[in-house]
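Hints in hand, dock the two standalone chains.
Each protein sequence line maps, in turn, to chains A and B. Take 1 as the starting number for the first sequence in my numbering and just add one per residue. Take 562 as the starting number for the second sequence in my numbering and just add one per residue.
Simulated from the structure, these hints should not be mistaken for lab results. The model shown is predicted, which means the values in this text are computed figures rather than measured ones. Hints may be right or wrong, so weigh each one.
[Said to hold, decoys possible] Covered stretches of chain A, as calculated for chain B (at least 3 residues, CB under 8 Å): (1) 84-98; (2) 511-518; (3) 530-538.
[As the list claims (entries may be wrong)] Rough simulated footprint, nothing fancy, chain A against chain B, three-plus residues with beta-carbon under 8 Å: (4) 674-685; (5) 704-718; (6) 752-758.
[Stated by the list, open to error] Label-pair restraints from in silico Cβ distances: (7) A/183 - B/641: 50 to 60 Å; (8) A/367 - B/649: 12 to 22 Å; (9) B/750 - A/469: 28 to 38 Å.
Heads up, the beta-carbon is just placed ideally off N, CA and C, and yes, glycines get one too.
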Amino acid sequence: MTWLHRTKCSLLRGLHFSRFRRFPLAGELIVTIVLGVFSAHGWAQPVSTTAGERVYREGILPSEATLWGQRQAGARIGGADAACVSYHRRSGLGSAEGSFTIPPIIGTYLFRTRAQNVQDLDLPHVPAGGAHRDAYTDETLARAIRDGVRPDGTELSYLMPRFKLDDETMASLIGYLKSLTSGSVAGVTEQTLHFATIVTPDADPVARQGMLDVLDRYFADKNAFIRGESPKLVSSRELMYRVTRRWQLHVWELTGPPATWQRQLHERLAAEPVFAIVSGIGGKNWAPVHAFCKEESIPCLMPNVDLPVVAETDFYSIYFSKGVLLEAQLIAQQLPARAAGSRRLIQIFREGDIGEDAANAMRATQSATGVDVVQVALKAGGTPREFANAVRSIGSGDAVILWLRPADLASLPAAVPKGSTVFVSGLLGGLENALLPANWRSIAHVTYPFDLPDLRKSRMNFPLSWFKMRNITVVDERVQTDTYLACSILAETLGHMLDSFVRDYLVEREEVMLSYRLLNGYYPRLSLAPGQRFASKGGYTVRFAEPQGTRLVAEGGWVVP
Amino acid sequence: MTASVKSWVGAFVLTSMGLLGPAVGCAFADDMPDQKTHMHHMMGETMSPEAPDEHAHAHVHSHESMAGIKRSTAIYTPPSITLIRDDGRSVSLPAELDDGRPVVLTFIYTTCTTICPMISQTLAQLQSELGGDRDKVHIVSISIDPEEDTPARLRQYAKKFGAGPEWQHYTGTVAASVAAQRAFDVYRGDKMNHNPVTLFRAAPGKPWLRMDGFVTAGELLSEYHDLVASN
Chain A
1 MTWLHRTKCS
11 LLRGLHFSRF
21 RRFPLAGELI
31 VTIVLGVFSA
41 HGWAQPVSTT
51 AGERVYREGI
61 LPSEATLWGQ
71 RQAGARIGGA
81 DAACVSYHRR
91 SGLGSAEGSF
101 TIPPIIGTYL
111 FRTRAQNVQD
121 LDLPHVPAGG
131 AHRDAYTDET
141 LARAIRDGVR
151 PDGTELSYLM
161 PRFKLDDETM
171 ASLIGYLKSL
181 TSGSVAGVTE
191 QTLHFATIVT
201 PDADPVARQG
211 MLDVLDRYFA
221 DKNAFIRGES
231 PKLVSSRELM
241 YRVTRRWQLH
251 VWELTGPPAT
261 WQRQLHERLA
271 AEPVFAIVSG
281 IGGKNWAPVH
291 AFCKEESIPC
301 LMPNVDLPVV
311 AETDFYSIYF
321 SKGVLLEAQL
331 IAQQLPARAA
341 GSRRLIQIFR
351 EGDIGEDAAN
361 AMRATQSATG
371 VDVVQVALKA
381 GGTPREFANA
391 VRSIGSGDAV
401 ILWLRPADLA
411 SLPAAVPKGS
421 TVFVSGLLGG
431 LENALLPANW
441 RSIAHVTYPF
451 DLPDLRKSRM
461 NFPLSWFKMR
471 NITVVDERVQ
481 TDTYLACSIL
491 AETLGHMLDS
501 FVRDYLVERE
511 EVMLSYRLLN
521 GYYPRLSLAP
531 GQRFASKGGY
541 TVRFAEPQGT
551 RLVAEGGWVV
561 P
Chain B
562 MTASVKSWVG
572 AFVLTSMGLL
582 GPAVGCAFAD
592 DMPDQKTHMH
602 HMMGETMSPE
612 APDEHAHAHV
622 HSHESMAGIK
632 RSTAIYTPPS
642 ITLIRDDGRS
652 VSLPAELDDG
662 RPVVLTFIYT
672 TCTTICPMIS
682 QTLAQLQSEL
692 GGDRDKVHIV
702 SISIDPEEDT
712 PARLRQYAKK
722 FGAGPEWQHY
732 TGTVAASVAA
742 QRAFDVYRGD
752 KMNHNPVTLF
762 RAAPGKPWLR
772 MDGFVTAGEL
782 LSEYHDLVAS
792 N
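Pulled out of the complex, with its shape left as it was, chain B reads as follows (with noise of 0.2 Å):
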């Protein structure tokens, strides 16, 4: 059947339901759920329009971890090479990792909308939850989108989950992207095939500890209680 023919039987069969009256209509209502069974409106627990939290802060009310993280502890050599931070600056990767404070490193690209978002947010609740001890902590997300991901992008991007000035985006050339991933064993080939990795270390020259999967603001939180004590 065509369209236009569809839409004249519709039409057709409208108008005879409105002749037929009401006993015709009835009969299509049956797989309907009954409307009264669901009357428990839910307006009281749909989520109040709160002030648009454009910096995704949420509370962790627990501490449990998502689906099982992996954790280890590996020997990184961040690689020698330039990246360019999202302020425009060309910088060493290694001088970046080794300004005394401790590390929080993660792997991220702008337009990613599975991942990511999960892994910024998250980060973004550490920093909230760090509170006064947030400039202690150098949170490095370094793309690995780099030809999309400018440093104005990033900037955006940081923007979005209210980066403070302790979290910094990196991005470079596709080389150099490379060159970061493959050091901290996170190159999967393809962006698309990337998977959550969050990586700490306490100090420079301190191994690093590495987390597999969805970590939470509150076990990084702590990572970073224990480890920050121990060293």
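Next comes chain A alone, as it looks inside the complex (with noise of 0.2 Å):
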């Protein structure tokens, strides 16, 4: 059965990337019937392990019904509670959570002894993975499943629920702990471990090269302490892993429209096998690439985007914040403080830029409270006397949020407009380098998504001091602060993990070790968990202190909004 599984998945892996590829379900249907036929002959029964898949990332049976589970003491737990992904996470490699343990499940852990789990260079080696106990069966691992005891007749942790699954669905779950996370893993070979970081076209051109410096620089420091092949090395445990890799970096810059990003990204992944994607820097649209990430099941580490995609269920993409979204949130929460007696909230931002996805965000939670929003689109590339009338529309007792770049803001008007309630966008303006005009820095009321410069002044000393002894000119800080953080929390989270090279299982520790982190250069805090994907999550709102300079004033503390 597991032979013509995985024939089964060949022919499909083949048949993805022939023209069946935008076809998924035309090449499974033919695979599926041809391999139905054979089995009709009762030769052997090819399970499909999409019923397992379900009943292990979803906890849905092949019948719709919701998979239930029973514990001791009576306690039931259902659907995606009891789902396997749940505790022994979508790698199949477990997890630990204070003093609970919860172990590897997937077929190289379960259908072998301890003592050849120890011995096998190809399992991924983790923490959970240690029990004294016998090899299951099929039959063994069924029993298991639906009984609660080991090979041995002992019982299995009280955690772990009896799940009374027909053969079938059984078969079917079994098949796939035997398929996940096995196999060799792309990106990885003996010596070398392969990243890719992706940049789209509509990125800012200067912060691109400041984070491709960055990049480069802290490979080329990653592989600086390694002369020649490193050893396999034994652990007190006596587990035999390797440790040292070269990192080497693949460049992908995206060209053209946004409608053929992805297809790139296919032929750039075909081409050149990676293991994670890190870091990179987009625009508008990084909607593509998010859908690559997700396609290829690939970690999409923690890019450059002050406009992510906002979907938490999607396991493969981590983002450092929700960008100028979270500045929607923001303003919003303050709108009815600070803005009291408005009735008009004027929103002003150039088409085609992020502002004007952060305006939508921003309308879409007016809409219950009778706030009248007025979205002033600039045409990219618009005139002067253009931006001087959306300005000069703004009327006393408005409201108004200035979701513009800093050239626009230095192209304000000297004089506010009188009895208004002014906010701007930090993360669009240039924080607190926004070229706002004088009279607007006393008055306008600044989104902050990060922690203020006093405050990570300490914290900041350690990127700043290697940018300059690796001789980076820093021309957008942020951007390669966070450049720099994101490769460093790669290589931490790699560090832990040893040479478990699990691409799902790099997603799961990074979940995990973050929030352990100390030092995050802009951000106050980091921390993920399942079903997180934003790893800073609150504001401040600023003033400036004086008509010039980068002094800013906090009002109010830091808000989770």
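Next up, the structure:
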């Protein structure tokens, strides 16, 4: 059965790269029919593991019924809560919470004895994997799942529910476990780890260069201490592993219209297999990249995007924050208090820039408030007169949000529209370097979704010193610090993984480890968990302290909207 | 072997299997468990699709505790901090705990998948077992991941477990959450380090009963009856 399943997978993969790629269902159907014809002769029972995958990941049975598991003391657990993924994780390598360890349940762990596990160099070693246990067979595993007993008759942990699955579903689930996190991993060789970084054409060119400089130097540093081949090491627990590998960076610069980017990325990945995507930079259209990472099941770790894709159940993409969408939430929360009498909210932004998306998100928050939202969309490359007219349209008693870049802010007239409440996007405007004219600086409420400059000073010493020592010109301090941070987090996480290079496991470990870090550049705190994809969740609102300079005054504390 | 070569080999082998007839194919069935012995269809024993129990109510069949609860008694002083209740109101923690009712206190976070669902499910069972007595008890769940657990998320979480008005969830600043955790000696640095703890106090001013481990609803219920009866 296993051989046949692997053949089916190979066939499907072959079809994937052919013209059937666009018709995955057709491909799957053909293969299933072909294999079904052979199975009708009773040689072997090809089992679709799709049912098993659904049980594992969603807690739904093939009949569409909810999966229910029975725990001791009568507690029942069902659906998503009962799904194996909630405990054993997507990789199947388990997890740990407090003093509770959830063991790995991939086939290569279950079907071998512990002694074999340890010697197996292709097995991803994980902290939870050391249970003393005989190897399972299909039969004893089915019994364990149904009755909660190991091959030797001892009982499984009381946390593990009993699941009464029918034979077919059980076979599918066991087949899924056998295929889960098995086989070779793309982008990982004996000596090298391959990573890619993705650059979209709509990214800011200055920030792009700054990011690439940081990545180049970081990767060079990583490899600087490696001389020759790194030998296999034996740990005190007799685990064999090799810790040190070279890092190799692939820069994938996308071209042309966004509709073509996913195809370009699939082609790049096929030509240059990489283990994960790290950092990267985008503009308004990150969605194709997010979709690519989801389709390819490849981690996409902390790109420099101020307009991410918000879909926290999409496993593979992790972001620093919701960017301008977070700013919209911060403003929405304060609007009733700061602009209490305002019946009208005017939002000024450039078409085609991310301010437009932020303004739309903001408008959505006001639908039930009775506030009249006026969207003033300036044409890209519009005239100064259009800009001036837009500003002049701000009336007394209006609230206004300026979703504008520094050049536009600098073009604001000297006089502030009287009686209006002004909000400015810190992200778009340049944070403490925002080129607001003097009179605006004293009244504008600037959203600031980072730690304040004074508060982050000591934490920033490290990355800034590193930039200096490596002769990296700081052209965009935030993007470059975030890039450095993304690399550091990746390095730290990989270090704790030993050589268990499994893509899903990398994401799972980042989820767990992120909140242990204390030094996070611009962010006071980074934290993730299963189902959380935005590591920093709040921000400040600030005002400029003086008509010139970068000194800020915080209006209130750190707020999580 | 590249993926595409493997796929052609696979296709070729399958084709030749088809041409050579069943004899070849049987060899692959060796490691298959004999289908006949597994004909005890589990259909009858499959959990029937009852109406999806969103509120995760369940019967407690026994009062056995799961794998050893550690019981202790302690005096804890809740700090005078402000928390945000799931209805959005800012409240004082001591005031919330001291309205005269017995208090069941736990610490959770909404995206926790291992420990908290069990704790919250136990509280849901307790709520159900209390029946008419339910409003006499104050069930308090404080978030240890307050930045993620906004009042809206807490309401969603509470709804999932069918929390009644006597069961409230709390969030706040990170500092406030940590202060509350420290006060009850549950702070372990990172949310991933947390362990199941349930705290029970019969009345304001009384000591707290601390149960480390997964306590069952039945145990909580009998604690409630014991402690309330003797106070």
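Hints breached by this structure: Those not satisfied: there are none.
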